[in-house]
Amino acid sequence: MAATTIATEAKTTHSTSRRRRSVEGKPFFAVAFTALFFVLLYVPIVVVILFSFNSKKSLSVFGGFSNRWYVQFFNDEGLQSSLRASLMIASIAMVGALLLGTMLALALERVSSRPARAVGTVSLVPLVTPEIVTGVAALLFFTGLGLKLSLVTVIIAEITFSISYVAVIVRGRLSSMSGEVEEAARDLGCTSWQALRFVTLPTIMPALIAAGLLVFALVFDDFVLAFFTTGVDPQPLSVRIYSEIRLTISPAINAVGTCMLAVSVLLVALSLVIPRLFGRKDSSLDLISGG
Amino acid sequence: MSTDLQDAVAATLPGAKRQSATRTRLWGWLLLPPAAWMIVFFVSSILIVVALSFGTVNANGRPAFGTSLANYQALMNTTYLTVFIRSLVYSVTTVVLCMFIGYPVAYAIALHGGKYKNALIAALVIPFFASYLIRMYAWSTLLSDEGLVNQALHTVGFTDGVQFLNTPGAVVAGLVYGFVVFMILPIYASLERMDTALIEAGKDLYHSPLRTFFAVTVPATRAGVLGGVLLVFLPALGDFVSAQLLGGPSTFMIGNLIQQQFFESQNQPLGSALTVVLMLALLVFMVFYLRATQRQNRET
Amino acid sequence: MTDTARQENPVADAAAIDDQPAIRLINLTKKFGEVTVVDHLNLDIRRGEFFSLLGPSGCGKTTTLRMIAGFSDATEGTIVLGGEDVTSVQPHKRNVNTVFQSYALFEHLDVEGNVGFGLRRKGLDKSEIKRRVNEMLELVDLAGRASAKPRELSGGQKQRVALARALVNRPEVLLLDEPLAALDLKLRHRMQVELKEIQREVGITFVFVTHDQDEALTMSDRIAIMNNGLIEQSGTPEDVYERPRTKFAAGFIGTSNLMTGMHSEAVLTLESGLSIPLPGHPELTQGAAVSIAIRPEKIWMAEFDPGMVRIPGTVSATVYHGATTQYLVDVAPGVRLTVLEQNLARSRHDDRWTDGDTVELGWKPEHVVVIG
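Protein chains in written order, with my numbering: chain A, 914 to 1204; chain B, 15 to 314; chain C, 7 to 378.
Everything labelled a hint here was simulated from the structure, so no lab data went into it. Hints are supplied without guarantee of correctness; some may be wrong.
Claimed, not checked - Here are a few chain B residues that face chain A, going by a calculated C-beta distance under 10 Å:
{"id": "1", "residue": "40"}
{"id": "2", "residue": "110"}
{"id": "3", "residue": "141"}
{"id": "4", "residue": "149"}
{"id": "5", "residue": "156"}
{"id": "6", "residue": "229"}
{"id": "7", "residue": "252"}
{"id": "8", "residue": "253"}
{"id": "9", "residue": "268"}
The beta carbon of each residue, even a glycine, is placed where N, CA and C say it ideally should be.
Between the sequences and the hints, there should be enough to build the whole structure, so can you do that?
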C-alpha cells in the first residue's frame, strides 16, 4: 500500500513539473486560444440561463431577476404535457436501448462468427448516419406500415438510434474485462446465464448506469428524430420549442431551455462521475475521448 | 497403458456419444433481439427510403411506390443544384474551420492540461449533450438585430449595427459551434496516445518548436484529424436546424429541402430522392475516407 | 465404471476405485481447425499429488487444463475425473476448480464475497459459508482483509484470494494455470513454498501449468514435460532432471550438454572427429546414431576420481554467478561444453581458470544420459 502511494506521489510530481516546463515552453497561442474557445462555448448557454431570470420581456436588456418565465412555463399546460411526454420518451427509450444495446454488446464481444460481425457493423451505422436520414427513414417506415405517428413511434425511433451508443459504451467496458472472469464463475458452479447474471452484469453495472444516463440525456434533448416521428399531441418538448421559436421569441423558452440544460448537464456529469465512483478508470469520459 | 486397455476403459464409460461441454447458445440468443430490431427498424426503413425515391405521388396526393426516375430528373435543375453545392461548400468550410479551431484546443488540453485534463474534457463534452436546438436558439437571440452582440457593437461605436442572421456566415458558425467537439475529441485522443518522447526527440532534431510540430506532431495525429473530419462532415451535411434558425431561404441546405418535402410540399418520393442523394454523397465521402485511413494504416 | 461391473464384482470394483487416478486422460486431442494443439494425450494423475504440466508456450499445456476444466471441448478422446467420464459435462458440474492466470476475481465483490461465491452457488447455509470462508482466509493468510475489494489488493494478495476461492469448494482437483507468472521473482519464490505447504495441508490434487522449470522442479511430486501437444516425458522431478529421455526434455529442463555421434565399441565419435568414451552401455547397437546429455554441474575440472571419463579442452569464456562460475570449454571444433563449478571456500585462487587456459574435463560414466 505504502509503495503504491509513494509511486502515485512520484508520478504526480513528475507530471506537474513536466506541465510547468511545457507551459513555459511557449504555446501561449494554443492556451490563450483554448481559453477563448471555452468562453465562446459557454456564452450562449450562460445567456439563455441569465435571460430566463430576466424580469423584462426583452432578450437583450436585463432588467433584474425574476422567476416570472418559470411560473409561466409551469402554468402552461401545453409545455407541461410536452415535458411529461419527453420524460416518458427518454425513460422508456433508455430502458429499451439499455436492454437491446447490452445484449448486442455481450453477443458481439463473445461471438466471432461472420453474421455476428455483420450485425456488429450494421449496429454502428446509425452512429455515422445523419439524423435527418434516420428520421426520414423512420417516418416512411411508420407511415408505410399505416401506423399513426405518436409518442410510440418516437420511442421506437429513439431506441433504434440509441442502441448503438449503449453497445459502444458497454463493449468498451466488456473488452477490458477478462473473459476468464466468466469462466471463473462457471468454474464455481454457475451456468452461462448465472455467470451473466451474477458476475458479468454486476461487473459492468457502472458502465450500464453511465450509458443509461447518457441515452436519457440524448433522447430527452433530441430534436430531429422526434420532429420526424412525432404525432400532433402531445409533442416532445424539443419539437414544441421548435415550433414556438419559429413563431415568436418568448423569454419563457429561456426558462424551458434552462430546465432542459440542467437536466442534461446533470445526467451527463453523473454519467462521467459514476464509473469513477466505482473505482473504474475507464469511465464513459475516457470512452468518449478515446474515440 | 496399452491402447487395448484404453479402448476398453473408454467403452465402459457412460456418455459415449460426444457432446459439447462448452457450447452454449446463450450468446447467439442474446444477439437475436437487437439484430432483429436493427433489421426491422433501421435496415428495412432505409430500404423503404430508397424504394420510395423511385415512386410517385398519386392523384389524391398519397405517395406510391414505382420505378420512375422522375424524382431524380426533377433534382437536375439549378435550384436544387445550387442547394447541393451550397451544402457542400458550407460543410467543407465547417470541417476546415473545426480543424483550425479544434486542433489548438485539443493540443492545449492534451499536452498542457496537466491535472485539469479530465475536467477540461468534461467541460467540453457536457454542453454538446445539451440540446442542440437550445444552443442554436441561443445563438439566434444573441446574433439577432437587437441581440446582445449588436448591442455591444453599438456601445463601442458601430451604430449602424451588423446583420448576422440570414447570412452564410451565421449558418456556418452554427454548424461549427454544433459539431466542433467531434473534431476535438479524436484529435485529443490521438495526441494522448502519442509518445511525448517523440516531441522531445523532434526538438533535438529540428531545434524549432514550430518545425517539430509540423514534422512530428501533425503526422502522428493524422488518424485523429481524419476521424474528426468524418465526424464533423457527416452531421454537417445533413443538418437543417442551423440554416433554419440562423439562416433563411437563401442559405438553405439539403436538410432544409428534405424537411420541406416532408412537412410542407408533402412530396415524400421527392424527399426520399433527396435523402438518397444525401446518403450517396456521404457514401462517396466514406469511401474516400476509408481509403485515406487505410493508406494511413499502411504507412504506420 | 458401469453399474453392471459393480454388481458383478463389487470387491474388485472397490479396489479399483481406490487405485483410481484423480484424472485420467485418454487419447485427449484438441484441434483448432487444421492445427493440432493437443495430440492424443494419455495421462494419469494420482490422487493427492502435485502434478505439473511443464512446457514452452504453445505446447498445449493450457489447452489441456482448459479441457479438464470444461472451458474447451475435446476434439477427440476422453477425460475421466474420479472414475467418471466428464468429457461432455459442463464446467459448473465438474468437481474441479481453477486458479486463473489473470486471477479473474469478481470486481464487484469483496474478498469474502469472492471466496464464498462457489459455496453460495451450492446453496450452503450462511453460517457454514462464513465458517469455511474464514477458515480458508486463515489458511491463505488473508484473515484481516475479508472486506477489501479486489482492486485494493496487491498482486500476491489477489493470488491468494483466487486460490482460496477455488480451494474453499474442496474440489477433487485444483487446476492452476500459471498462477505465479504475474508476480515478481521474490514473491514468486515465497508463493511457491506457500502453495506447496497449502497443498500438503488440504491434500487436494493440484494440476499446475507452468513454463518455469524451476517452479515445476521445486513444487511438484510429478512433472509431465509437454511439447507440440505431446508429453515428452513424465516422472518425478529427479527422474525428468537426471534421466531425460528425449533431447527436448534434456534441453528444456536445466541446461544440458548434448552431443550426437556414431556409437561403436563403447566410444561415441562425433561429427567433428572427437571420440568420447562411453562405457557401461552394452545395450547400444554398434554403428547406431546416439545422443548423450551431461549436466554442466556433473562435469569436473579438477580433483578427478579414477574411473572418470576425461577429455582435454580450452576455456573460451567464464561467467561468474556468485555461488557458481560457468565455464564454456571447447573440446573440439564446434563442440563447446558448459561446465558449472561451485565456488566453495576450498577453491583456491589457482583453481580458477581464465579464457584460453587448457583444461581437462572429467565425468563419471553414470552421469551420462543416453537419449535414443
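May I ask you to test the interface hint for residue 229/B with respect to chain A, counting a Cβ-Cβ separation under 10 Å as satisfied?
violated, 16 Å
Measuring from the C-beta of residue 149/B to each C-beta in chain A, is the shortest one below 10 Å?
Holds, about 6 Å.
The hint names residue 252/B as touching chain A; please verify it with the least Cβ-Cβ distance against 10 Å.
holds, 3 Å
Min Cβ distance, residue 268/B to chain A: is it shorter than 10 Å?
Because about 8 Å separates residue 268/B from the closest Cβ in chain A, which is inside the 10 Å limit, the hint holds.
Does the CB of residue 156/B sit less than 10 Å away from some CB of chain A?
Holds - the Cβ of residue 156/B comes within 10 Å of chain A, reaching about 6 Å at its closest.
Using Cβ atoms only, decide whether residue 40/B comes closer than 10 Å to chain A, and label the hint accordingly.
holds, 4 Å
Against chain A, run the beta carbon of residue 110/B and see if the smallest gap drops under 10 Å.
violated, 16 Å
Any CB of chain A closer than 10 Å to the CB of residue 253/B?
Hint on residue 253/B: holds, closest Cβ of chain A at ~7 Å, below 10 Å.
Would the stated hint for residue 141/B survive a check requiring a Cβ distance to chain A of less than 10 Å?
Where the cut-off is 10 Å and the nearest Cβ of chain A is about 6 Å from residue 141/B, the hint holds.
Of the numbered hints stated above, those contradicted by the structure are hints 2 and 6, listed in ascending order.
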